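Asker: Residues per chain are reported as follows:
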Amino acid sequence: MRIGVEVNDFFEKYGGKTGKFEMEIDPGFNVQKLLQKLNIPQDRVGFVIVNQKRVDFDYVFSEGDEVHILPFAIGG
Amino acid sequence: MEKRYIKNIGTLTCEGQNRLFQTTVAVVGAGGIGGFVIEGLARLGVKKIIAVDMDVFDEMNLNRQALSNVNNLGNHKVIEAEKRVKEINPGVRFLPIRQKACLENLPDFLGEADYIFDATDNIEIRKELSEFVQNTGKVLIHGGCAGWYVQVAVITKYTSSIEKLFGGTSAQGAEKQLGNPVFAPMLTAALELSEFCKLISGKGEPLVGKCMVVNLLTNEYRVFEF
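Going down the list, the protein sequences come from chains A and B. Going from the first sequence to this note's numbering is simple: count from 1 and add 1269. Going from the second sequence to this note's numbering is simple: count from 1 and add 12.
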């Protein structure tokens, strides 16, 4: 099945893909596996948003999900 | 209506402006975001500002903290904030608190405030502010920034807690690598202040239980639920 992915430019430094793209995934594929595949360290990820809602790392994707991965902005 | 408030009217109604005159607010943190928030609140014309921050100004603050200047380095931020507020709008009462905010002292420090502005820089105190407003029925306007990125949300007793927003992770914020040039706290403060005015005047769609993230590099903003 296919999902839409958008990775914030902040994660460019880790060498994986950033920007907007589509991905073909197997059933049972979750956020944690996506982060591994994209080479994004989990401890740098702030929000994972799926279809305009924040989800946890164990969220399992469904066909057509739109995923957005971005860091926290928590400085003052 | 005093002449100084005329340019607020149109966006705010006279009723909304009058509500501002009767509203006590607290700003936790008087640094990057807090300095601009305090300046904005003085110009909006709230009844009273309670500002909590134990720090003094340092040279590293000059790049972004509106209340810092080369002559007040080493001075307490909240005392400098008080001077600035009195210069801008002597009609606004100001209570400076030179202490570190924590869950135990929040009822004493912030008990009088209706709205609390998050101008802090760490997740722990934000969780405590969230717990406090959810126990007391006050409103927390959360904001944070990192380089090109800004996030803003509103927490009340009817929304999820900020812990839900942060998802129980201890992820480092992007500011550790990107720093914070002046436009980041400036924009965060502007968004916190406009949320406040929306809530006060009952206009638009405040970010209650929602978070808005802004990416200045791609000119995009998004709103999501948590």
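It is worth saying that the hints were derived from the structure and are not from the lab. Since we're looking at a predicted model, the values are computed, not measured. Just so it is clear, CB atoms sit at the ideal spot from N, CA and C, and this is done for glycine as well. Where hints are given, some of them may not hold.
To be verified - What follows is a list of derived Cβ distance ranges for each label pair: (1) A:1335 with B:75: 47 to 57 Å; (2) A:1326 with B:233: 20 to 30 Å; (3) A:1291 with B:111: 48 to 58 Å; (4) B:232 with A:1331: 21 to 31 Å.
Asker: Would you mind marking each hint as holding or not holding in the structure?
Answerer: Right, here's what the structure says about each hint:
Restraint check, residue 1335 (chain A) to residue 75 (chain B): a C-beta distance of roughly 36 Å breaks the suggested window 47 to 57 Å. Between residue 1326 (chain A) and residue 233 (chain B) the C-beta distance comes to about 24 Å, which sits within the given range of 20 to 30 Å. Distance hint check for residue 1291 (chain A) and residue 111 (chain B): the Cβ-Cβ separation is about 52 Å, which falls inside the suggested range of 48 to 58 Å. As the Cβ distance of residue 232 (chain B) to residue 1331 (chain A) is approximately 24 Å, the hint placing it in 21 to 31 Å holds.
Going through the hint list in order, the structure does not satisfy hint 1, though it satisfies all others.
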